[in-house]
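Asker: This is what each chain is made of:
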Amino acid sequence: MATGDRRYARVEFSKGLWRENPVFVAVLGLCPSMAVTNTLTNALVMGGATAFVLIGSSLLVSLLRRVVPRPVRISIYIIVIATYVTVVDFLLAAYMPVAHKQLGAFISLIVVNCLILGRQEAFASRQPVGLALADAAGMGGGFALALCMIGAIREILGMGSLLGVPLLGDNFEPWAIMVLPPGGVLTLAGLLVLFAWVRQRN
Amino acid sequence: MDDLLFIFASASVINNFTLAYFLGLCPFLGVTGRIDTALRLGLATIFVMMITALASWCLNTWVLPHAPYLRLISFIVVIASTVQFVEMAIRKLSPALFRALGIFLPLITTNCAILGLALFATNRGYGLVQGLVFAFGAGVGFTLALLIMAGIREESELAGVPALVRGAAMSFFIAAILSMAFMGFAGLFHGS
Numbered sequence: 264m265a266t267g268d269r270r271y272a273r274v275e276f277s278k279g280l281w282r283e284n285p286v287f288v289a290v291l292g293l294c295p296s297m298a299v300t301n302t303l304t305n306a307l308v309m310g311g312a313t314a315f316v317l318i319g320s321s322l323l324v325s326l327l328r329r330v331v332p333r334p335v336r337i338s339i340y341i342i343v344i345a346t347y348v349t350v351v352d353f354l355l356a357a358y359m360p361v362a363h364k365q366l367g368a369f370i371s372l373i374v375v376n377c378l379i380l381g382r383q384e385a386f387a388s389r390q391p392v393g394l395a396l397a398d399a400a401g402m403g404g405g406f407a408l409a410l411c412m413i414g415a416i417r418e419i420l421g422m423g424s425l426l427g428v429p430l431l432g433d434n435f436e437p438w439a440i441m442v443l444p445p446g447g448v449l450t451l452a453g454l455l456v457l458f459a460w461v462r463q464r465n
Numbered sequence: 086m087d088d089l090l091f092i093f094a095s096a097s098v099i100n101n102f103t104l105a106y107f108l109g110l111c112p113f114l115g116v117t118g119r120i121d122t123a124l125r126l127g128l129a130t131i132f133v134m135m136i137t138a139l140a141s142w143c144l145n146t147w148v149l150p151h152a153p154y155l156r157l158i159s160f161i162v163v164i165a166s167t168v169q170f171v172e173m174a175i176r177k178l179s180p181a182l183f184r185a186l187g188i189f190l191p192l193i194t195t196n197c198a199i200l201g202l203a204l205f206a207t208n209r210g211y212g213l214v215q216g217l218v219f220a221f222g223a224g225v226g227f228t229l230a231l232l233i234m235a236g237i238r239e240e241s242e243l244a245g246v247p248a249l250v251r252g253a254a255m256s257f258f259i260a261a262i263l264s265m266a267f268m269g270f271a272g273l274f275h276g277s
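If you read the protein sequences in the order shown, they are chains Y and A. Counting from 1, position 66 in the first sequence corresponds to residue 329 in our numbering; the numbering is continuous, with no gaps. Counting from 1, position 165 in the second sequence corresponds to residue 250 in our numbering; the numbering is continuous, with no gaps.
Derived from the structure by calculation, the hints contain no laboratory data. The reader is advised that the hints may include incorrect statements.
[Unchecked claim] Examples of chain A residues toward chain Y, derived with CB under 8 Å:
id : residue
1  : Gly201
2  : Ala253
3  : Met268
[Said to hold, decoys possible] Computed footprint of chain Y on chain A; a stretch qualifies when at least three of its residues, placed anywhere within it, have a C-beta under 8 Å from a C-beta of chain Y:
id : stretch
4  : 98-111
5  : 153-164
Quick reminder that beta carbons are idealized off the backbone N, C-alpha and C, glycines included.
So here's chain A without its partners, still in its complex pose (with noise of 0.2 Å):
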């Protein structure tokens, strides 16, 4: 139990994925304009994330031992799929939430975030429940960064910002500054 509690918390504040990794830095730059979309994103990431892991250690158990050199490549032929059957399912299932998540639902098969935890995964030698928790953990993390950003982009809309550093280089500065005050979270448990 303290050995999930233990990959939770790694996964989603010590080393979090966007500000320890700088994986899925696209989406981490490009929609998190506003706070209600950037939740949204990072819902629907945790959901791909969760089944990716799923697929992944099905992959990895029965399939990969046979074919090491197959790894990368059916490791993304996956997400494309469950990323093109997600969007799918939700399409019938619920309508309403189909139409909020628009664009961001096929763009989460480019999240380097999802490839990367089911490569850190294997690497780790994670079992299924511990995979599961792994990446629940990451995608909160992912959702975590998305929001803080995005809370600090729509105060910093207002503000005075030179003209030379708005844009590209401003939203590097934040995501430097919260980089650094994530690093804090290092000491957060014993031998981390």
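Next comes chain Y alone, as it looks inside the complex (with noise of 0.2 Å):
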């Protein structure tokens, strides 16, 4: 790769991080993740098996990018993210039972993950190996960061603990609201409120 292209690929790979973080300004990907974000831990599972799903369908869809008939395009997308989902529920049921019994289904529903398509469709398919490679991961990162500042305010709030580690003490009562569903729209509209009201004061 030459010097331009990698300083590409470092743009490419931090504009997910932050500035365009997909759950925190894109608003993508939230269905399959919302409800299993109650824990530190299942956040980390989630993002890294959403992270691992993207960067692997981003480096097919991009090496295939010349073989693809466009009319098709959408479906053999869809089949290449359904054959790394695959991969990672097999992975996670023999390496982790534990966590991938709490996420259940919700694991598979990785295929259906707007954002997953959304960059295969955007960038993946129009870019070189490396370039799509730095986006996914990227876009992966970031999402994963989303979902564990999401899982890590609310296992605090909601369990008094972080990664199973009590920290708040006895006389702490746990928000029992932050670990049920509604806890996890509830912590993202108020980190997009939070995000919007510090991009003011810049």
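Could you fit the two chains together into a complex? Lean on the hints.
Answerer: Given below as structure tokens:
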């Protein structure tokens, strides 16, 4: 890769982490993640699995970009994504059975995460492999980061612990609502307002 | 019969797909600007869900026992082709309805509630009739959530919301409050 390419790659990587963060800026790919980010552990597994699928499918789609006929491209991307999700599903079932059981069908639901299909259509299908990988790693990292933020906030407030380690002492009354489904959207709404406020002040 | 009633109530209100599992969040936030479009999208989704339930039962019974690793791929292919088929059928049979649904019809493919429905029904080992009732309940619940959201948003268009909260954040706050309200259904059936 030439020096110029490497600089582009760095730009493509870093944009996903913050400036174009898929969750906080584009509000994409929320459906399968909201219900399972009630603890930091679950958020880590879900974010990692999604990032793996995104990077894998971007690699393959970028390699195949000259071969895939335009009219059927979406179906082909979906099949590529579904293949990687099946791989992740089986890997987790084999090596992390507890997390796999907790996330259940939501791991399979990564297939319909609009973020992944969106990146294939908007980026990986028209760019060389190096840039596509950088973009996928940045977007996947940004997505995992956002899920971990939501997961950490929900676990601290909802259980008074982080990664299962008690933090806030015995006198803390857990906010049960935060680990239940409404807590997820509530946390996300709060974070969106916070970021809008920070951007407005700058 | 009690069993079927329970499945219906559970899928439509107690474990509402949109407000308890947050599946189908994209159309929930995207097309709930007006009540009539929300209703049409909901009805089309119920229809696709019923066909998906039928197709996934056929796959589970005859194909997947021989190749379990193809589950996800075959489900998503079936859903995509069902939506395509429904689109062609509606265009042929009722051009007026086709025009009314417009872009929402093809977008149903990427609705996670549909794939979620097929996966949940498989994980819980539902039979054909149970699966169909489950699909109908889930579709009705989805439509209900869309209608409530659209109603609230039509009203809040004119309300004085601070600029900071307007847009996505506002929709998420509304969704959170609705979701809390739906948690109240949890005690509706004994042992649910």
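Asker: Sort out which numbered hints this structure fails and list those numbers smallest first.
Answerer: none
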